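Here are the chains, one letter per residue:
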Amino acid sequence: MGHCRHASVACGLGQFEVSPNPINDRFERVAQSIAERVARLVIDSIDLNAIMERVDVDHLVSRVNADAIVDRVDVEKIVERVDVEKILERVDVNALVERVDVRRIVDQLDIESLVAQTELGSIIARSTSGVAAEVLDVIRAQGVGLDDFFARWTNRILRRGPDSLPLGPRTLVPTAPLASATPLDGSTDGSGQ
Amino acid sequence: MIVAAPSPALYEGRQGHYAGAVSRLAAFAADVGASWGLYTLGLGAVSLTVALATGRTFSVNRNQIPTLIVLVVWEFMYFAYQWALNGKTIGMAAMGIQVVKADGTPLTARQAVVRTLVFPLSIAAVGLGFLGILVQRERRALHDLVAGTAVIYSWDARAARLRWLARQGPETAIHR
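Just so you know, the protein sequences line up as chains A and B, in that order. Be aware that the first sequence starts at 27, since it is given in my numbering, and climbs by one per residue. Be aware that the second sequence starts at 98, since it is given in my numbering, and climbs by one per residue.
Derived by calculation from the structure, the hints in this document are not laboratory data. Fair warning: this is a prediction, and the values are worked out from it, not measured in the lab. Think of the CB as a built atom: it goes at the ideal place given N, C-alpha and C, for glycine as much as any other residue. Some hints could be false.
Looking from chain B toward chain A, a few residues come up when the C-beta cut is under 7 Å (computed) [said to hold, decoys possible]: (1) Tyr115; (2) Gly117; (3) Ala118; (4) Ala123; (5) Ala190; (6) Met192; (7) Gly201; (8) Thr205; (9) Leu231; (10) Arg234; (11) Ile249; (12) Trp252; (13) Asp253; (14) Ala257.
Looking at chain A on its own, in the form it has when it is part of the complex:
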């Protein structure tokens, strides 16, 4: 502490260094005791809360180099000391799951490739009734395709837009216009061309 060489009282409350000046020993002890008392009085009179209120913490934080601090932190060591089991015990998993939007997750899944390329597909195949159901599916699909074909031509003849027609009863199909439905034969118009 180089700056304490001459004014030793300003160096803190704990240990006071003896000045190298050749001053009377008694005078020095008096001065030391006075300094101690004054310092205590000053510190007692300081309202730290009031000072903290005047401190601009944001400004202070902005001056802190967080990256440098983080670089000095051994994250591995911290993680090692964390008791994950204990944390998990305190987590309400049910409440957490309730907050998860499952529908959104499912929408993001490519179910077709999942079914086609995994064992799940063979399980589904075994659980369905086989050729009869397959034939029925195709007949129904053909029926729906022809339904759409005739509906498009009727709309053309009657000069009405498919957007203006309801897709189904409101309780079953609340939104979505008919035009959004892709033609089953893959064509872009009703002519099938």
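Once you have looked at the hints, place chain B on chain A.
Only chain B this time, still in chain A's reference frame:
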């Protein structure tokens, strides 16, 4: 047996949408076949029973009026009972369509009966009553309008596509 794939457009699914003319006509044709088949079987059973019980043969030609009455009652029962039960007949179930109230809720027994009674009127006059399936906004025929019903697709097309994909297996699916 290799069956062509349902179109990928069906992935969208049509459940709850108004059913079109072809599906409904196919369902009706299947119902006519099923009801006639059952009627004929029933008639054969009755003939056999009469023959066994009385020793006399039962001839339809000699009992035209009673046979016709039985046929009408049978057809009424066939349609009304099935519609009242779950909104679909055998043919409709095969084609994946269903009768519901105009608002989409399950139809009542009363509506099923009214629909069955008015149904012949749609057939009369060269089937003009069915024209509503093509031109009416909600694809409702005369008997639908009178009974306050509508016909919708109940078939889960998306599930059908998944079933088809599952049957193909990984090798086929990769090259698809």
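- prompt: Which earlier hints turn out false for this structure, listed by number in ascending order?
  reply: 5, 8, 13
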